[in-house]
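Q: These protein sequences, in sequence, are chains L and V. First residue of the first sequence? That's 4 in my numbering, and the numbers climb one at a time after it. First residue of the second sequence? That's 12 in my numbering, and the numbers climb one at a time after it.
Bear in mind the hints are in silico, worked out from the structure with no lab data behind them. Computed from a predicted structure; not experimentally measured. Hints are supplied without guarantee of correctness; some may be wrong.
Unchecked claim - Cut-off 30 Å, straight-line C-alpha distance, at most; resulting in silico cross-link-like pairs (DSS-like, lysine-lysine):
| hint | chain 1 | residue 1 | chain 2 | residue 2 |
| --- | --- | --- | --- | --- |
| 1 | V | K61 | L | K79 |
| 2 | L | K63 | L | K88 |
| 3 | L | K79 | L | K6 |
| 4 | V | K157 | L | K79 |
Said to hold, decoys possible - Derived, one-sided and incomplete: chain L residues facing chain V with beta-carbon distance under 10 Å:
| hint | residue |
| --- | --- |
| 5 | K33 |
| 6 | I36 |
| 7 | H50 |
| 8 | A51 |
| 9 | G60 |
| 10 | S64 |
| 11 | D66 |
| 12 | K79 |
| 13 | I83 |
Yeah, the Cβ is synthetic: ideal placement off N, Cα and C, and Gly gets one too.
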Amino acid sequence: MKKYQLGEFEELVILTIAILHNRAYGVSIKNEIESRLARSVSMGAMHAALVRLEEKGYIKSVDGEATEERLGRPRKYFQITALGKKAIAYSKSIRDELWKAIPRIVLEVMTPGKG
Amino acid sequence: MNRSKADIGMKNRSTPPRIAMRFFRWYCDPRLADHIEGDLIEVYLGRVKKDGQRTADWRFLIDVLMLFRPGIIGPIAVTHFELINTNMIRNYVVVAFRNLVRHKLFATINIMGLSLGVTVCVLITLFVTHEMSYDSFHENEARIFKMRAEINYGRQIIYTPSMSPAFGPYWQMPLVRSGILSASGSPDVSW
């Protein structure tokens, strides 16, 4: 079985890129993660993750326009690659398998009040 | 990067602290610098509107410091000069290997002898450290002594490993704190 290396935070970032589709660039990814997960994301952590993901070939970047709100600095939009899609599908399938393998009694204890 | 365009849009806009920006430019990988700087500025301007300039300045600085990490930091620009000349060392290795192949018998003897020497050396070290570790688990190891005899036969001197139990009472000497007869019957004495 082929192995896809994907860290926990990297997975969050790549999934967010997938959610944002064509509007994924630094700030929008940061805001999306912050609003969805209610946790603060440092610029450093996020850009480091983006660099790693790009090195692994899971995402690719496209140069975007330079706008006034960025004082003339260009945007860089990120897109998920085919390999990246495989990687997130793989990590989801692993999790699904693990969830399926959990005996039902364990989950019943985890949600008190049911049964 | 396009400064002139930036300056037009600036007018009475606040800009991030210059020092932080220069520091970022200095360490950042040039391939990433432009768009990350754009992100930083976009976030910064948003914060200026929301939290005011001072807070935004501080948080900009923190962002810049948090970005100072491997992956973002650019390659160190020493292209014209290498600390280690690998070509030369590779050449040494090649030449050494060719010589070994060419003089097979000599190389074999040489390597065998060397490895034998190193092996013996290591074994001796192991043996000596083991011997030196004798009784070292005692608390006052340095103050434990074993009584043994030096017997002088004129020309020949003999050291006995132990002594008669009859010497036992000697551990009642003033400086001796206590003593025992060890299994071999020789008195061990402690100061």
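Q: For each hint given before, does the structure comply? Return the numbers of the non-compliant ones in rising order.
A: 4, 6, 9 and 13
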